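Chemist: In case you want the letters, here they are:
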Amino acid sequence: MNIGIIVFPGTWSDRDCEFALSSFKNVKTFFIWHKESIPKNIDAVILPGGFSYGDHLRAGAIAQFSLVMKDVFQLNQKGSPIIGICNGFQILCEAGILPGALIRNKNLKFNCSFVNLKYKKSKKFTSSIPKNKILKIPISHGEGNYQADKNTLNMLKENDQIAFQYCSESGVINDDANPNGSVNNIAGIYNKNGNVLGMMPHPERSCSIDLGSEDGNLIFKSMIKSF
Amino acid sequence: MIDKKLLKEIALSESEYLNICELLNREPSSLELGLFGALWSEHCGYKHTKLLLKELPNESARVLSEMGKENAGVLDIGNGMKIVMKVESHNHPSAIEPKEGAATGVGGIVRDIFAMGAYPIAILNSLRFGPQDIPRNKYLLNGVVEGISTYGNCLGIPDVGGEIEFEECYTTNPLVNAMCVGIIDDKSPILNARADKAGDLAILVGADTGRDGIHGASGLASQSLEEGSDSRSAVQVGNPFLEKVLLESCLISAKMEGIIGMQDLGAAGLTSSVIEVAEKSDLGIELNLDKVHLKENAMTPYEIMLSESQERMLIIIDSKNEQKFLKFFNDRDLKANTIGKFNRSKNVKIKYKGDEILNTPVKILTNAPAYELSDKKPKWISEVQKYIPSKNNISDMNKILESLLKSPNISSKKEIYSQFDHQVQLNTIVLPGEADAAVLRLKKGNQAISISIDCDSKKCYLDPEVGASMAVAESCRNIVCTGARPIGLTDGLNLGNPEKMDVQYQITKTIEGLKKACLEFGIPIISGNVSLYNESNQKPIFPTPIIGAIGHIDDYSKTVTASFKSVGDKVIIIGEGQINEDENLLSGSEYQKIFENQLSGSPHIDLNKEFNLQNSLIEIIDNKLINSAHDVSTGGISIAIAESCILGNVGSNILLDGDNKKSIYFGENRSAIIVSCHPRKSGEVIKIANKHNVDSKEIGVVTKNELIINKDIRIKVERLMSIFYNQSD
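Protein chains in written order, with the numbering used here: chain L, 1 to 227; chain F, 1 to 729.
Treat the hints as calculated values from the structure; they're not laboratory data.
Model, not experiment: these values are computed from the prediction.
Beta carbons are placed, not taken as given, at the ideal position from N, Cα and C, and that holds for glycine.
The hints are all genuine.
Among chain L residues calculated to face chain F with C-beta under 8 Å, some are: (1) D16; (2) G50; (3) K109; (4) C112.
Lysine-lysine pairs mimicking DSBU-like chemistry, simulated, CA-CA at most 35 Å apart: (5) F/K413 to L/K133; (6) L/K133 to F/K558; (7) L/K133 to F/K414; (8) L/K109 to F/K413; (9) L/K40 to F/K335; (10) F/K624 to F/K515; (11) L/K225 to F/K443; (12) L/K109 to F/K716; (13) F/K443 to L/K131; (14) L/K136 to F/K716; (15) L/K40 to F/K443; (16) L/K109 to F/K138; (17) L/K109 to F/K335; (18) F/K324 to L/K40.
Let the hints inform the model, and build the full structure from the sequences given.
Modeler: Right, dumping it as structure tokens:
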């Protein structure tokens, strides 16, 4: 599987994603600079975390107009897997590929810490996650407060598009477990078609037990297996 | 004679002005005077410290850089890898405009590291503020934390650790020191801040040059802050996004054919950057100011030369490659222009609108005077060194322990470090708060490095020499507690106005204390920074020699953290645990400050004992004998044990001998480490300690959920955690 990692000016988890994916056999990763187009042999793309264009205007607001995004739209139409992590999630929302918006954390402060996540099954991104598993993955953001209007939220619920929700260690979804004020503790969502995942937590940061958790690998593994 | 007001603006004395006239054999032009003001400032010229700093040990088999000659120090860590590190202060800018002051402090130190061709892998902070019940101090803390967070997080460099203290003396003059560590892998060369030969070119890359930060080095950093003065125009405003693009691009250019050197533009902007490169290269340079890209038209040559606009780098290349480099930077949306050419003349020539407006010998410009300082002990220091015995009769040790745990100097700093991205780059294997130092793996093989930054300023107030030695000891001890062997130091010296006699004594003794400890430990100081004129209400701050230490770990699977791990483990004190009951142990302690409302006495450290202690612990950890290590520092033995309980969410049952309970439980002046190990291993631990001539003693056992010390202290761990993390009552 060939995975493209998009690099905007200001992106910083590009190399982390490459490192995390390097442990998978049969996976090749390619950095794609924002001024380039996506080569035809790319099967899936990751929009990594960082501060693309310095998050000027709003997080992700400028990156959506990059040249490379035309190809991201096309890959989406083809149904190729796309993961937006942190800033990548913000870009996908700004670009309209995913619904809703990410605003400043409720307490207006950046937050870097491990969180616990409850997941919702999907064909492409969760097949390798054991049933009822609570995932331990870090967040690192100042604008991760997911918000959407009522209709959108209803749609997300009805279509099982709420991918991840912040929860306690034992899996209880409540305000105490919500690190940023997201509506319904939403940490990540799928698009309607199920080929796009946007999430604020960083799966690439939980790719080895040395770093405190390997749970992020389960998401990458699922995507690679489903292909 | 020259206007005194003008001299004050650029922080030159009248005698220095006369000295300049004599060296030039004429009066300087106003542009020249600006250049002298910057280059002869305390900040750039180290006038009051350079004679003393020369005395510091700065060599070892691992050191690859020459002290003071490069942007940062370099250490060889084997396998072809090199570590680059430095600490720098941004105190006065942060006092005036905390967010931008702290942000640009981070930006500046990061540029120092990548100017050497090293990829920055870690940032650490050392911060000092006044008490938080004063609104201005709270504003300063929040602003500084926001500035570090906004700037550092955007760069994708993890902020892995730091330390913070709150004392009255830092009111309105906070200290904001940032340390950065970078790595050079085997294939890349170390870049120097110099040109090779006449004909080499200087390319200015990055931000436009504007009117921001003029007189930052001279006016702001080299004088005391004045009450009510508005120096905001001397504080620069940072653009972390541009810094990130600059960082990535410069590091690619560092591997391109034709690169010769790199130098960042920091204090005193183009002036210090260009002229220092010329000096180190023993060459002259001709600068064309019309080529400098500007933020606004109509800037004068004086403003262009002294602007401290951020996110600018000077790239020195062989002239054959000019077009290639310019195109490379332009393709990455960075402005780049060739602004100067090195020559054999040994003069700085500046051209502006076709005219030559300056032609001055480099040697004179960089020949800042060096002053000898008084080492006469001020009376007030002799006075405070007389120990005032404890007067209070509080006998409830639970209450004392809880109050100490709640003190901002001891309680958890999670609220602060959770605002810093500490995991990006996937190397942080010991997270902030988990151990006495941060540990980063190096991905290649099993090597790791451990990094700490530390200083106990209350001890430095009572005895600047002993306090400075303690700062070295403590910073090294912190990394030793993770299993690392210390290999190099960087020092950030923060002190008061060097024109005052008592501060001169403090500076002299501080450097003496550093030297003593470095010689005893056989460890070099490979880079550093000096910040003087730090005063609050006309009184100098406590001497604050901040020591950043780096240690090497061969196999990071052996790394140890501070938390007690398993119920049933034995608790052992290694070091000066044969409890010395001397009340002097409380000198300069947190207990003394909070419960006696004073600081007095003579802090003490036996450097030889300390060194043996550290060596014994390195061997103990290397043999995988212990499950936790935490050093005895602020708050004393009882706090060290309480913290290991809190971090492990377990209790412990401890017996300590002796009658003078306060000095046993809360005394700080001892070289000791609390470790825990499986009961079967405790014999071996004690054996290795003996081998190194270090005392050690089993003092208790890890239990389920209550901290018990003798019959005096009994507190549930749940309660300790809630006090430590939430400062709750």
